[in-house]
Amino acid sequence: MSLLELDDVSVTYRIASGEVPAVRGVSLKLAAGAALGVAGESGSGKSTLAMSLLRLLPADARVTGKILLDGEDVLTMKWGRLRAVRWAEASIVFQGAQHGLNPVRRIGDQIAEPLLVHGLAKPEGARKRVAELLDQVGLPSWRARSYPHELSGGQRQRVMIAMALACEPRLIIADEPTTALDVMVQAQVLTLIKELVASQDISLIMISHDLSVLADVCGQLAVMYAGRIVENGPSHEVFHDARHPYSKALAAAFPTVGDPVSRMAPKGLGGDPPDPMRLPGGCSFHPRCPVAVEACPTLDVELWSAGAGRTAACVHVKEAS
Amino acid sequence: MTETETPVEHAAATRTTLLEAQDLHVDFASRGRRARAVDGVNLAIGEGEIVALVGESGCGKTTLARTLLGLERPSSGTVRYGGAPLSYDSRSLKAYRREVQLVLQDPTGSLNPRHTVYEAVAEGPRIHGLPDEEKVVADALSRAGLRPPERFFLRYPHELSGGQRQRVVIAGALALNPRVLVADEPVASLDASVRGEILALMLKLRADLGLSALVVTHDLGLAWNIADRVAVMYLGRIVESGPVEQVLTAPRHPYTQALMSVLPESPERVILTGEPPDPTRIPGGCRFHARCQVLASGRAEEAGVAARCRTEPLEILPAVPTAQEACHYAALNP
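Chains as they are written, first to last, in full-length UniProt numbering: chain A, 1 to 321; chain B, 1 to 334.
Derived by calculation from the structure, the hints in this document are not laboratory data.
The beta-carbon is built from N, C-alpha and C at its ideal position, and this holds for glycine as well.
Do not rely on the hints blindly, as some may be mistaken.
Stated by the list, open to error - Pulled a few chain A residues facing chain B out of the computed Cβ check, cut under 8 angstroms: (1) T191; (2) E195; (3) A198; (4) V257.
Stated by the list, open to error - With beta-carbon atoms standing in for the labels, derived distance ranges: (5) P260/A <-> S30/B: 42 to 48 angstroms; (6) G125/A <-> A296/B: 36 to 42 angstroms; (7) D241/A <-> E268/B: 21 to 27 angstroms; (8) E302/A <-> S30/B: 46 to 52 angstroms.
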């Protein structure tokens, strides 16, 4: 059975001027121990989707569909059960680690907090566990007594990962975990995440706008555009041989250094991401699409099969199959 | 426009130098210690040349860029523009800033939310008392790809997308008809699909107007996309520089090799431990030796240079367009 299963999940924000559909009918499955990358740009709904998994969205968001974590629907859980699930079964690493930590508390106490709150350890045991966790993320145990400002950005992100691991969750959701970090530190953190996922049999959902990073860490890749998944499949295939023109553009945006094709030839995509309150009809991508045909502005797109284990929401894929 | 950009036409050796750093040092006081943010840099930017300055945060690349802009006074050494040393009285600096313009990283932060696009772009021309303001603004906007420009005059930043905002920032720089753009991470805060468009704009500006640019970035893919030459900075010094094709396909300095190896899909990763060291405590010998994978693996020892790596400082690299690196080990195999 899948550890996590999303069935037709939609999220709509109600604001003064109307309704904003941020996520529109997303269905996904994640097996235990697997890693899924969710790619997209700002406004694609990828972060909203991540937050909805643990019901962390603000009150003006309406979530519909089913989010099954180990067969249990997160959306209908009682408050007490939800509190137990957060941290203990699934935890989130947010982007911008420096803002996630309390500046006036020692990091050891902050890592211990979920353990104590969930009654998983007494203070003495928690101290031992904190040392263990710091070791797992590659920090010396004396760092437990440090304050966040004494740590570099990469070290703070390691602390966030240690917190996420504290209660031994089965699922970690990482939202742009390396965006604010330097290349070398980013490589350290990504390697750490990969090792932890592999060695502890944790499932991972990683969210980023950088397809190359996701392809590196995750086995499966889902690309979102305007609140929908437009392509889904094994990550190396999606990255190197995308079927949806939007995934192609995202993959080309990060050139391979040394590839003569991209030398002095940056590849972009004309136009801008759509306003979610005024989504184009038919395929939402058609105004920016380099291969749009006459049918696209009116066509109801869905995820069509695009080869073994792959789907893509593009009329060209539909015709090929 | 990119078809015309062949390396042959832009052969580095034939360019006349426009902006140059000569033996530049910039120090700051940091908690009672002296931080050598820029610690001896020679760098020349030729006419119509795009140079990428890459390195990790804290390596001094932004300080170097600010000093080249005249925003920071060097502790020693000289900034030269058009052959003449920069003078720091306010009149000369004002004139200099018409020629060398800054493009900031985050367009949302660098635009005043209560100024219209017109006011944002007109600010520079007003300060410098340029005639025919409306035409200047319209021209700058259309050069930056915001066409027709009149449609954008009365828009506010919040009504624009991220890519459009960055184009407004670039238009603000172009309004003064500069010869050099200094861009600090020009696409770091933009969406992936927009990034290529802004980089293509920079290439187009070079092709149409002959603009030179220094692009400060941590992104080697960006250098590969648009730069003629790359300079890799580590702890206040340039440790390797040269034509992009050469440096990024066959890097010689272990630090450049490590940076390249952590790009996604590299076959073998060299992950340096720790964060970049502290500019208040620059190690003796080669400044990279404490993190150097060649030294740590014993290869430097085998080659008989390990002692020199630890004790003998390297010469400051000169400002030449050809490939060069500051490394005792690499020097054994020229």
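Hints, one by one, checked against the model:
no. : hint                                  : in the structure
1   : T191                                  : holds, 6 angstroms
2   : E195                                  : violated, 12 angstroms
3   : A198                                  : violated, 15 angstroms
4   : V257                                  : holds, 4 angstroms
5   : P260/A <-> S30/B: 42 to 48 angstroms  : holds, 44 angstroms
6   : G125/A <-> A296/B: 36 to 42 angstroms : holds, 37 angstroms
7   : D241/A <-> E268/B: 21 to 27 angstroms : holds, 24 angstroms
8   : E302/A <-> S30/B: 46 to 52 angstroms  : violated, 58 angstroms
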